[in-house]
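Note that the protein sequences, when read in sequence, are chains A and B. Just so you know, we're using numbering that gives the first Met the number 0 here: the first sequence kicks off at 0 and counts up by one. Just so you know, we're using numbering that gives the first Met the number 0 here: the second sequence kicks off at 0 and counts up by one.
Check the hints yourself; a few may be wrong.
Unchecked claim - Per the computed footprint, the stretches of chain B lying under chain A, defined by three or more beta-carbons under 8 Å from a beta-carbon of chain A, are: (1) 7-21; (2) 32-38; (3) 56-62; (4) 72-86; (5) 106-120.
Stated by the list, open to error - Derived, one-sided and incomplete: chain A residues facing chain B with beta-carbon distance under 8 Å: (6) A329; (7) A498; (8) I668.
By construction, these hints were calculated from the structure, which means they are not laboratory data. Cβ coordinates follow ideal geometry from the N, Cα and C atoms, glycine included.
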Amino acid sequence: MKTSRRQFLQATGSLVVCFSLPGCAKQSASGAGTTALGNRILINWDGRVTVYPGKVELGQGIGTAIAQLVADGLSIDIGRISLADVDTDFSPNESYTYSSISIQQSGPAFARAAQIGRRHLLQRAASMLGADLLDVSSVDGQIVLRGKATNTSYWTLLREANTHDVVDVDDVAVDLQGDADVAVGNSIARLDIPDKVFALGSFIQDIRLPKMVHARIVCPPAERATIATYNVGTAESMSGVQKIIRDGNFVAVVAQREQQARLAANELSQSIEWHVAGDLPDAQHIHDWLSDTPSTVSNVVGGSAKPIGSGGEKHSATYTRPFHAHASIAPSMAIAFFRDGQLTIWSHAQGMYPLRTAIAHTLRMDVDKVRCIYKQSAGCYGHNGADDAACEAAAIALEFPNVPVRLQWERADEFAWEPYGSAMKIDVSADLDDDSMVTAWNYDVFSCAHTSRPRDAANAGNFIYAQHKANPLPIPAPRSIPQPAGGEDRNAVPLYEFAATNVVKHLASSMPIRVSSLRGLGAYANVFAIESFMDELAGARNVDPLGFRLAHLGDDRAKELLTKLADVSGWSTRPKGGTGIGWGLGFAQFKNLSSYVGVVFELTVAPSTGRIELRRAVAVCDAGKIVNPDGVVAQIEGGIIQSASWTIKECLQFSKNQITSRDWASYPILRFDEIPQIEVHLMQRSNHKSLGVGESAQGPTAAAIANAVSHACSQRIRNLPIKASAYDKIVS
Amino acid sequence: MKLAFTINGQEIEIDVDPDTPLLDVLRNDLELNGPKFGCGLAQCGACAVSIGGKSVRSCVTPVRAVAGRLVVTLEGLGTADAPHPLQQGFIDEQALQCGYCVNGVIITAAALLDRNPNPTEAEVKSELAGHLCRCGAQPRMIRAILRAASSAAGQK
Ligand code: FES
Ligand code: FES
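All chains should be modelled from the sequences, with the hints used to inform the complete structure.
If you want it as structure tokens, here you go:
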């Protein structure tokens with residue numbers, strides 16, 4: 000809670016530049032002498048600049064990138080800038096921070112607003128100095144007149160004016176001369192890092208409110224489980240227990256101290272008997288289930304769902320991925336405080352406004368009686384348990400008013416209840432002509448949905464609480480995200496130019512296992528499948544897989560990227576196949592409209608055990624104009640490691656009755672001693688618009704690993720996670 | 000029950016159920032932000048603190064076990080004005096994404112550098128094998144630790 004409303008209104012001598020993003024609701028910028036909703040950049044007389052972004056910091060460095068753009072636009076030092084956390088009381092409504100579009104969407108708007116703010120101040124300086132606007136400029140806020148420093152600055156101008164000026168960008172037509180980028184394009188150190196290494200309270204977990212009590216939920220063993228016998232055992236009389244709450248199949252406990260809440264919740268989960276539905280699909284045959292279960296079939300590319308043929312040499316393959324957990328390192332939590340009819344929620348969910356609407360609907364409150372304040376937790380990589388924890392904390396707070404209630408999910412709660420990235424199955428076939436060109440391509444993707452966010456009143460039934468309470472809300476039907484972004488079909492359309500292409504998606508009509516968006520959505524498995532199959536086709540004709548791709552590409556940026564990747568990875572020096580050392584390639588343009596990433600992986604497969612050791616990854620990324628190169632490199636590195644972990648280690652375990660991955664032992668991820676060397680190269684594209692990078696490496700990494708394993712030991716693994724078997728090595 | 004121990008150089012006495020996890024006491028009673036709750040199962044390392052110079056998982060350590068001991072958290076290693084070489088190394092290498100795992104990684108690395116001021120990359124990796132980072136910031140953290148080791152060596 001950096002800026003309280005009061006401080007905000009009391010600022011003396013300030014300039015606020017307001018704007019809204021295309022597609023985001025325009026909010027009133029200036030009420031009677033106030034600067035209410037919709038403010039974006041507050042330039043204050045004391046030399047501080049506060050930015051109110053609608054996007055949240057998820058540990059991806061978005062805050063620093065926005066600060067860089069504002070610093071350049073205002074021509075000030077980045078150290079003057081601080082970022083407010085999203086708060087439905089005063090931040091703009093930009094819905095969710097997702098799909099790596101933050102910089103793409105907000106970046107240009109922030110830069111322009113800052114430039115307009117600077118213009119406004121320079122105009123004021125010019126009239127005060129009796130000079131021509133063209134003769135004044137500024138350096139870090141200090142006004143310069145015909146190249147000479149003056150005693151005037153933004154800050155003295157604002158203090159002397161002693162007014163709260165509001166510039167509404169949408170109403171101002173300013174012809175902006177592009178000022179030189181100073182911070183933009185440089186690897187400015189992230190603003191949030193020092194506080195994190197000195198433990199200065201960066202996280203939502205660090206909020207401690209006076210008189211705060213601790214809550215735990217008593218999770219049912221599985222979805223659709225119902226309470227058979229409600230028996231609280233000794234929980235009620237346990238030390239520190241303040242209240243046990245039951246609403247239908249929702250059970251929670253509030254206690255004075257955290258450990259007391261934990262012990263009471265354990266006692267309750269032992270004493271309550273549940274009826275388990277036992278209706279989960281067979282984990283061993285989950286991909287058969289995906290293609291057999293009733294689904295909505297639609298054509299993504301091509302005229303019909305019928306396969307096409309060209310008479311060439313036919314090849315086909317089936318690829319699968321399992322369910323994956325977001326597995327944030329911090330289990331979800333939230334704080335909720337209900338007093339005098341007003342509910343305040345602190346949450347680390349990705350969208351405060353949608354959260355507010357959905358919680359208000361679930362709890363039957365007026366939206367304007369609910370306030371949601373964002374504070375960051377550990378990385379989430381999509382829709383995890385954060386929204387659910389916020390809704391549950393709110394429900395508990397209504398039952399336990401007047402003191403703040405802190406709800407913490409345990410590790411097992413997070414693993415068993417977060418909405419996972421869906422399992423997928425892909426059938427692909429292609430015809431090759433005599434010149435090793437693809438003449439027909441048929442592609443069918445089978446999946447559960449890749450979104451189930453409680454985004455509004457109609458989707459509030461996606462909350463676990465809404466499903467468990469006595470009067471449950473209906474669970475919304477699975478929803479497909481339309482192209483060009485796509486959900487299950489994200490990146491299902493190959494970027495390659497084939498003579499004929501047919502792509503069909505099959506969205507399962509039911510969701511027996513909770514699913515929602517996980518970094519990259521369907522792109523991870525689609526790129527894995529397309530890029531594995533391209534390698535198989537090249538292998539069938541014994542041609543270089545990189546050259547085979549180039550021969551099918553029309554997009555110049557894609558071709559340049561692959562050429563550079565060949566160069567920096569030393570592709571032409573790769574060893575011959577079957578020796579135990581493998582090199583593999585994977586490439587995609589995320590969503591076919593965002594950043595391009597190509598990855599070459601080098602690894603070894605031990606002949607005696609099939610054990611895979613990741614040695615080195617070389618990536619090239621084209622993200623258009625880059626605001627913060629080191630930030631982009633860091634996101635690509637992180638994406639490669641996370642995807643490598645999904646690809647060789649991760650698989651959500653479940654039985655007929657319940658999810659059985661409940662801790663890090665039953666859901667292992669890549670460890671420090673398994674981390675490869677990573678090298679990321681950036682294409683210089685300063686004349687192109689900025690593209691998000693957060694999810695672009697997921698698919699290419701998976702394919703690069705699969706292709707490297709095949710190259711190392713001639714085992715083509717089409718089912719994720721990749722596990723190789725012992726084999727006989729070709730002695731080179 | 001009253002318990003006395005030293006936290007970040009300060010002797011304290013608290014009245015608490017001795018079975019309470021040390022992590023709860025540090026976070027909730029002493030309001031320290033360094034150690035984090037990640038699993039409560041000794042599996043992730045987010046909660047690590049230094050007890051008598053060793054990296055220990057505070058989520059599974061009952062507070063009674065630290066009676067009379069020296070406990071150091073991330074706050075106690077250094078400050079913005081006087082950073083520990085590891086903290087400086089993490090800033091210099093921009094060695095984190097979300098930063099939630101960083102507490103444990105630095106605490107364990109500090110114990111390693113105390114024991115072995117000049118570790119190899121392989122030693123750093125194996126020492127940290129019990130620390131999970133979901134964001135994939137490990138390559139930068141490894142660089143930061145090696146940088147801190149060489150800068151500390153340079154100062155001696
Ligand atoms: S919280 Fe202690 S090891 Fe995970
Ligand atoms: S930086 Fe996010 S978990 Fe390590």
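Results for each hint:
1. 7-21: Check passed, 4 qualifying residues.
2. 32-38: With 6 residues close enough to chain A, the hint holds.
3. 56-62: The restraint on the segment 56-62 of chain B is violated, since only 0 of its residues have a Cβ under 8 Å from chain A and three are required.
4. 72-86: Check passed, 8 qualifying residues.
5. 106-120: Our answer is that it is violated, as 0 residues pass the Cβ test (under 8 Å) against chain A, missing three.
6. A329: Holds, because the Cβ-Cβ distance from A:A329 to chain B comes to roughly 5 Å (cut-off 8 Å).
7. A498: Violated, about 39 Å.
8. I668: Holds, because the Cβ-Cβ distance from A:I668 to chain B comes to roughly 6 Å (cut-off 8 Å).
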